[in-house]
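Undergrad: Below, each chain spelled out in residue letters.
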Amino acid sequence: MVKEIERAGIPVVHVATVVPISMTVGANRIVPAVAIPHPLGQPDLGETEEKQLRKDIVEKALIALQTDINEQTVFSDDKE
Amino acid sequence: MLEGKKTAILGDRDGIPGPDMSNKLKIVHYLNQFFGQIGGEDKAGIPPRREDGPIGPGAALNNSLGEDAEIVNTIICGDTFFNENLEESKSEIKKMLKAINPDLLIAGPAFNAGRYGVACGTVAEIAKTELGIDVVSGIYPENPGYEMFKQYAYFVETSDSAAGMRSAIPDMIKIVKSYIDKNGELGSPEEEGYMPRGIRKNIFAEERGAARAIKMMLKKLEGEDFETEYPMPVFDRVDPVDPIKDMPKTKVALVTSGGIVPKGNPDHIESSSASKYGEYSLEGVMDLDEENYETAHGGYDPVCANKDADRVLPVDVMRDLEKEGVIGELHNKFYTTVGNGTSVANAKAYAQEIAENLLADGVQAVILTST
Numbered sequence: 001m002v003k004e005i006e007r008a009g010i011p012v013v014h015v016a017t018v019v020p021i022s023m024t025v026g027a028n029r030i031v032p033a034v035a036i037p038h039p040l041g042q043p044d045l046g047e048t049e050e051k052q053l054r055k056d057i058v059e060k061a062l063i064a065l066q067t068d069i070n071e072q073t074v075f076s077d078d079k080e
Numbered sequence: 001m002l003e004g005k006k007t008a009i010l011g012d013r014d015g016i017p018g019p020d021m022s023n024k025l026k027i028v029h030y031l032n033q034f035f036g037q038i039g040g041e042d043k044a045g046i047p048p049r050r051e052d053g054p055i056g057p058g059a060a061l062n063n064s065l066g067e068d069a070e071i072v073n074t075i076i077c078g079d080t081f082f083n084e085n086l087e088e089s090k091s092e093i094k095k096m097l098k099a100i101n102p103d104l105l106i107a108g109p110a111f112n113a114g115r116y117g118v119a120c121g122t123v124a125e126i127a128k129t130e131l132g133i134d135v136v137s138g139i140y141p142e143n144p145g146y147e148m149f150k151q152y153a154y155f156v157e158t159s160d161s162a163a164g165m166r167s168a169i170p171d172m173i174k175i176v177k178s179y180i181d182k183n184g185e186l187g188s189p190e191e192e193g194y195m196p197r198g199i200r201k202n203i204f205a206e207e208r209g210a211a212r213a214i215k216m217m218l219k220k221l222e223g224e225d226f227e228t229e230y231p232m233p234v235f236d237r238v239d240p241v242d243p244i245k246d247m248p249k250t251k252v253a254l255v256t257s258g259g260i261v262p263k264g265n266p267d268h269i270e271s272s273s274a275s276k277y278g279e280y281s282l283e284g285v286m287d288l289d290e291e292n293y294e295t296a297h298g299g300y301d302p303v304c305a306n307k308d309a310d311r312v313l314p315v316d317v318m319r320d321l322e323k324e325g326v327i328g329e330l331h332n333k334f335y336t337t338v339g340n341g342t343s344v345a346n347a348k349a350y351a352q353e354i355a356e357n358l359l360a361d362g363v364q365a366v367i368l369t370s371t
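Taken in sequence, the protein lines are chains A and B. Taken in order, the first sequence gives residues 1 to 80; the numbers are from this note's numbering. Taken in order, the second sequence gives residues 1 to 371; the numbers are from this note's numbering.
It is possible that part of the hints are untrue.
What the hints assert, rightly or not - Below, in silico cross-link-like pairs of lysine-lysine (DSSO-like), each with a Cα-Cα straight-line distance of 27 Å or less:
(1) B:K215 x B:K201
(2) B:K201 x A:K51
(3) A:K55 x B:K249
(4) B:K251 x A:K51
(5) B:K245 x A:K55
(6) B:K263 x A:K51
(7) A:K3 x B:K276
To be clear, the hints were calculated from the coordinates, so they are not data collected in a lab.
Next comes chain B alone, as it looks inside the complex:
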């Protein structure tokens, strides 16, 4: 597929015409509204658009790629638009990719931005499965976009925030250069520096399987390190708990990752990578109003939630249902944190503590809302 892509890059000496642009590796770059330099959360609702040439981090990528490759177009879409209008975004971006017909797609890097990671992964899936275009991207391993879409792109591992751009860009360039050098036939994740895609490939090994297996077993028996050829996937699933039998007698609690806090954010829960969670009383609170509640979340446009926090944490409706006898009672405390780039380990630790408190308070069911 890439045959001949490199050959026409020579020249430009002694009056010989310069490189034929059309024979460079043609790259399209996918970015969100922020890295696409359109704006912050207030612009997260913009639909996909196509721009000429590289933008934002694309400029650094393009410069380092030199004469081997060129970012011909940048596709930008708002993260909220993408995730809320998935089918429309997919078909629109597919149309754009088809029209440009690139040799390679670069997406992101998305770091630990959840919506952006899912967008990059989805675009990679379209490019790879529907158009046969290979994809290079960068992502933080805990970003759900990696787990969901790892088989569709060569994802380099990045740090959890854009502060890691400086190392993400060279890592991605390394993959692209190797991709060009090897005519699109990249080696294993360890060799090339991308994260495992969960894809098995047939290769010729020096030793036959039986010999390799015995060697591994001997190492295992000796308690030495060995590298398996078939790592088992890690599934961390919890079996569903039995349903509630008698809702009118059930104490229900509200928990959110949407960052709803009393006005002024008394515990200073961070707007991203939250280092704590909050526990706040709902004693006598019938409705979350603008004067007393707001969101601390920095990963979505806060206007709607600040105006009426019930839109994230439905206290008003729960009070009505309590009055109507549909539920036994609403637990008089709610728990909240900001699920924005927060590490899985932290979220897990907060939830374990929250669960202990809920159990101690006799809570029998939980509604957890996420933005």
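One chain only, chain A, in its complex shape:
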């Protein structure tokens, strides 16, 4: 799905838990997510902390969308 959206000319960031699958399907901008049943959440955290975590991930996704890349790139913590 990411590939077809990108092919249409819209920059797309894939927020995905299983990064190797995202690489295989051909996403170019990849942001690792938290867990399969809650990619952008963490039920163990309090409401405020959980929302902050989600915001951090979305902000990372927005940074990915603004980054010039030449090849598949994973925007993980150590890069930002």
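Based on the hints, put chain B in the right spot on chain A.
TA: Chain B alone, transformed into the frame defined by chain A:
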């Protein structure tokens, strides 16, 4: 490596002691929580465990293998645990395999289950590259686990769902039997019935290369079918689109394969092998709450997503960022489907339509979330 494995299987006549169990081909079977008969999605979080003997589909495999081989242990791991705790799972399973020291590993079959396919492939990679154990498995060709790990196992082609178990098992047994008969030296994919591993092997051909090449070229010139000896890999990659320059003026849309839908799933998007996608309004929606949204996805434990669908489709945070001026606006529709055993051809078709709609609505960037 397999020398002598078959010889001690005779006997058991006229009071001669029965077959020496220790000389049978010793097999370990890898299964997920579902086929390992522990439970469904609610048990997908269990760490690797080792059981004695065959379990689930292993029983059928074991029976058909008869006296030539035996499944001595079954290793079971929850699909979610495996993929979320990759390094821990790998090292734990490696330890188990080392302790059992089997002659062969059977993994799955995984059909079109993405997490399970990746798990089977990863276990195959450990077995093959780190312990020198050959692996037989079964998988649907579109399962990402095949593309990622094809060089580590003899994968037979299965259908996309467990309904294909009945033909998958005999196909896998055929490979195992051939493996025993040939002392581990299996022939080509066509000959044996496994899917190509992308591995080249030197063989003696009847004709020299130049003659074969000329023959192929002549066939090609005549427009006849010919079989290449070196198929080119198919890379379907899309070049990255230029980045967004001015995010505070950008219209961003949310798309998900995580199956988030309005409560009640009005368009009846299937929980697996989805035959459609949904387009839903976000007009005036500030937050996806429990009363109005849920997930239709049948491939992961839905509890967390049903409780708060923002955990999959982050509408609440996008609204905040919109208010703060970080993004121009959140597109007032979201697109959703269930990426669970959904065929690549379908997913591609949905995304093409979605992309057309997004372009028509002036969307400039997309965040696509996957579970």
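Undergrad: Against each hint, give a clear statement of whether it holds in the structure.
TA: Against the structure, the hints:
no.	hint	in the structure
1	B:K215 x B:K201	holds (21 Å)
2	B:K201 x A:K51	violated (54 Å)
3	A:K55 x B:K249	holds (19 Å)
4	B:K251 x A:K51	holds (22 Å)
5	B:K245 x A:K55	holds (21 Å)
6	B:K263 x A:K51	holds (22 Å)
7	A:K3 x B:K276	holds (18 Å)
This entry does not satisfy hint 2, going by the numbered hints stated previously; all others are met.
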